[in-house]
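Protein chains in written order, with this note's numbering: chain A, 1 to 336; chain B, 1 to 441.
It is possible that some hints are incorrect.
[Unchecked claim] Below, simulated SDA-like cross-link-like pairs (lysine to any residue); rule was C-alpha separation at most 20 angstroms, straight line:
{"no.": "1", "chain 1": "B", "residue 1": "K175", "chain 2": "A", "residue 2": "S33"}
{"no.": "2", "chain 1": "B", "residue 1": "K175", "chain 2": "A", "residue 2": "D216"}
{"no.": "3", "chain 1": "A", "residue 1": "K203", "chain 2": "A", "residue 2": "V185"}
[As the list claims (entries may be wrong)] Every beta carbon over 12 angstroms from chain A, so not counted as near; a handful from chain B, in silico:
{"no.": "4", "residue": "E125"}
{"no.": "5", "residue": "T171"}
{"no.": "6", "residue": "R258"}
{"no.": "7", "residue": "E333"}
{"no.": "8", "residue": "R336"}
{"no.": "9", "residue": "V404"}
{"no.": "10", "residue": "D413"}
If you are wondering where the hints come from, they were derived from the structure by calculation, not from laboratory data. Backbone N, C-alpha and C define an ideal beta-carbon position, used for all residues, glycine too.
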Amino acid sequence: MNTRLIASWLIGAPAAVVGLGLVIQLAALADPSLYFAWGYYFEVFVGGLLQGVMYSLVALGFVLIFKASSTFNFAQGSMVLFAALTMVGFIEWGLHWTIAFALTMGVMVLLAMAIERVVLRPLVNQPHITLFMATIGIFYFLDGFGQTLWGSDVKSLDIGMPRTPVIVLENVFDGGIMINQFDLVAALVGGALVLGLAVFFQKTRIGRALRAVADDHQAALSVGIPLKTIWVVVWTVAGIVALVAGVMWGGKMGVQFTLALIALKALPVLILGGLTSIPGAIVGGLIIGAGEQVAEIFLGHFIGSAIQDWFAYVLAMLVLLVRPQGLFGEKIIERV
Amino acid sequence: MKTKALLTAAAGAAVLATSLWSPEPAAAEGEQFVPGLQYRSGPYAPSGIPFANGFADYLTMLNARDGGINGVRIHYDECDTAYNNDRGVECYERLKDAGPSEPAAWNPLSTGITYALIERVAQDEAPLISMGYGRADASDGRVFPWVFTLPATYWAGADAIIQYIEEQEGTLEGKDIALVYHDSAYGREPIATLERLAEQEGYNLHTFAVAHPGLEQQATWRQIGRQLRPDWTVMWGWGVMNSTAIQTAASVGYPMDRFIGIWWSGSEPDVRPAGSDARGYKSLGFHAPGADFPAIQDIVTHVYDEGEGFGEREAIGEVLYNRGLMNAVFVSEAIRTAQARFGERPLTGEETRWGIENLHITDERWDELGLGGFAREIRITCEDHEGGGSAFVQQWDGESWEIVSDWIQPRNDELRPAYEASAAQYAEQNGIELRDCDAEE
Numbered sequence: 001m002n003t004r005l006i007a008s009w010l011i012g013a014p015a016a017v018v019g020l021g022l023v024i025q026l027a028a029l030a031d032p033s034l035y036f037a038w039g040y041y042f043e044v045f046v047g048g049l050l051q052g053v054m055y056s057l058v059a060l061g062f063v064l065i066f067k068a069s070s071t072f073n074f075a076q077g078s079m080v081l082f083a084a085l086t087m088v089g090f091i092e093w094g095l096h097w098t099i100a101f102a103l104t105m106g107v108m109v110l111l112a113m114a115i116e117r118v119v120l121r122p123l124v125n126q127p128h129i130t131l132f133m134a135t136i137g138i139f140y141f142l143d144g145f146g147q148t149l150w151g152s153d154v155k156s157l158d159i160g161m162p163r164t165p166v167i168v169l170e171n172v173f174d175g176g177i178m179i180n181q182f183d184l185v186a187a188l189v190g191g192a193l194v195l196g197l198a199v200f201f202q203k204t205r206i207g208r209a210l211r212a213v214a215d216d217h218q219a220a221l222s223v224g225i226p227l228k229t230i231w232v233v234v235w236t237v238a239g240i241v242a243l244v245a246g247v248m249w250g251g252k253m254g255v256q257f258t259l260a261l262i263a264l265k266a267l268p269v270l271i272l273g274g275l276t277s278i279p280g281a282i283v284g285g286l287i288i289g290a291g292e293q294v295a296e297i298f299l300g301h302f303i304g305s306a307i308q309d310w311f312a313y314v315l316a317m318l319v320l321l322v323r324p325q326g327l328f329g330e331k332i333i334e335r336v
Numbered sequence: 001m002k003t004k005a006l007l008t009a010a011a012g013a014a015v016l017a018t019s020l021w022s023p024e025p026a027a028a029e030g031e032q033f034v035p036g037l038q039y040r041s042g043p044y045a046p047s048g049i050p051f052a053n054g055f056a057d058y059l060t061m062l063n064a065r066d067g068g069i070n071g072v073r074i075h076y077d078e079c080d081t082a083y084n085n086d087r088g089v090e091c092y093e094r095l096k097d098a099g100p101s102e103p104a105a106w107n108p109l110s111t112g113i114t115y116a117l118i119e120r121v122a123q124d125e126a127p128l129i130s131m132g133y134g135r136a137d138a139s140d141g142r143v144f145p146w147v148f149t150l151p152a153t154y155w156a157g158a159d160a161i162i163q164y165i166e167e168q169e170g171t172l173e174g175k176d177i178a179l180v181y182h183d184s185a186y187g188r189e190p191i192a193t194l195e196r197l198a199e200q201e202g203y204n205l206h207t208f209a210v211a212h213p214g215l216e217q218q219a220t221w222r223q224i225g226r227q228l229r230p231d232w233t234v235m236w237g238w239g240v241m242n243s244t245a246i247q248t249a250a251s252v253g254y255p256m257d258r259f260i261g262i263w264w265s266g267s268e269p270d271v272r273p274a275g276s277d278a279r280g281y282k283s284l285g286f287h288a289p290g291a292d293f294p295a296i297q298d299i300v301t302h303v304y305d306e307g308e309g310f311g312e313r314e315a316i317g318e319v320l321y322n323r324g325l326m327n328a329v330f331v332s333e334a335i336r337t338a339q340a341r342f343g344e345r346p347l348t349g350e351e352t353r354w355g356i357e358n359l360h361i362t363d364e365r366w367d368e369l370g371l372g373g374f375a376r377e378i379r380i381t382c383e384d385h386e387g388g389g390s391a392f393v394q395q396w397d398g399e400s401w402e403i404v405s406d407w408i409q410p411r412n413d414e415l416r417p418a419y420e421a422s423a424a425q426y427a428e429q430n431g432i433e434l435r436d437c438d439a440e441e
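The shape of chain A in the complex, shown without the other chains (with noise of 0.2 angstroms):
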């Protein structure tokens, strides 16, 4: 990303955040009963953002395994049921939550393992499209087995994160920013792992190979690079990705099936931010995340509320009109 467009993003974001803002309030003056204040649109929109954060871990996942082998892992979402499930089954073991998810962890780099040689190694040169139906599958097996195991019932995970919220600025709005504890310890451990991802992927030789291998599988191979490793890896991290995304989601809502549904929150973001792009997951997912608190809030008052989950797809299409391959997606040509 060169220097003229994170500029551009930082003058850009903030001048749209306002102008959004004096939108709204222009659409309040006209319509009284809707209520705006500045403070309060700000909250809404840092609750969105660390929300957007949230989504960005999903998204995360998605994007590692994208990367790596172009295929789109449908059991993203079951795989973050399975390691919270898998976390909160140690606990109740009796295990401190440290122990309980070292040890998950060393179950997610021997899922990846499995995956690796059970059904990516016998679909090796196969079409994506035979590798995304075996993700499906991946994702069915996941949800049966990870509830065969732990059972179905709905699990507290509490790891001692803080929750009671925090009023802030209160000298600058009236009645201050109320901000959510556990939100914001959640973004800022998500911020650490793309820190952490970053790292991995610039500076560490096995991170080297793995973005030879998502330029160009072929060219990889010829070098020397294998192949098997570089997924069980890939596997491994896009695991612990979403072990981190389930110790925050099952944290907030509980340890249940529903958390394989929030895949389908991270769709969007993974449309809006580009398929291979990890800057892409996290600035896709604070826009879904903010976007999406500012029009069930301000936009629903007008056309009725729960509109939220499906005006993220909306704001993920009119960027795809203007951007086919997403905010930071790589643009593919493919000559024919």
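Given the structure of chain A, go ahead and fit chain B onto it with the hints provided.
Then chain B, alone, in the frame of chain A:
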């Protein structure tokens, strides 16, 4: 290669054996068929499983302890609907001819599936019990002869909640009440009643729809907790929507003791994920929680001690377990009532319907069943398929549900005309002729 072929054959044989294996005993002549439209999979499984277990365990206990109902053993078989309307209809079609007798009664545990089956059960002459869910106007038995809403409808629930709030506040004039509802036929069911009561009582009603399955409610609760700050918030949720709502409400600092859910928003899976944040949350109930009843102890002795239980022993007595059990009590008591008239044998759907229409479970009968104090007296008639409508308020203390109100009797003098008007409209649209209950025995 040979090993691989052997392994493949073994796996194939295992799959075949699994698909053919059924936990149900083979159907025998002379048994009464009770079908179960349950959901043990899908996003609502955490709520569906305890209900299904309570239902199945009670029937299993009757077989084990009493040899069935008056010597007629019950053949129970269930199909997993995943709380999906299409699958619900598919399950209905699959099960309706699958038992040793005509199905006693259908219990879909879903308002959507109930809507989908109303015409089918009328055509097949099979009774349908939508216990505390479904169409409220189906309480009018003259228009809906095959559908029963006992022991209470959503309209009665809405009325009971408003009465409770009024009792707490003194007056409702000028108060703000928010309704957070599952954006489905189920969630929209109480809106008309709450709007009517808003006009009558003078409170302001604010409605907030939550899209299925209800994972994301931050925007909803930001409006409620930070902007609107209503005096009370009422919830019509199910499954993950409930636990998400309670946790999100806590995250914006909304007071739990001013947050009250319908009876489908008041079970252990709804409050446990929120931990201590859920303390003080309230909901309606129409049966007692807990396992301290002789009939439930009989389940422990005759079913779980024999290794025949459907669920975990620890879950016995939880709210949804007890609700499933209550549903099974209604079915078995209807069969018993019908047997008294038609003979101690497997019954037809029409005969069971007569049993439900003449069902009268008095306080003494609840005692005889080993469920004294479990629920209120219920009396169904040809006209009244609801049979009471009363409910109480229970509150989560962080460990268990405590009943914190007396029984609240809904204002049936106002609700009954509303049921009849809505049912009459349905009858007109569908060309249904009203039954003359006086002319029937």
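**Message:** Are any of the numbered hints broken by this structure? If so, which, sorted upward?
**Reply:** 2, 3
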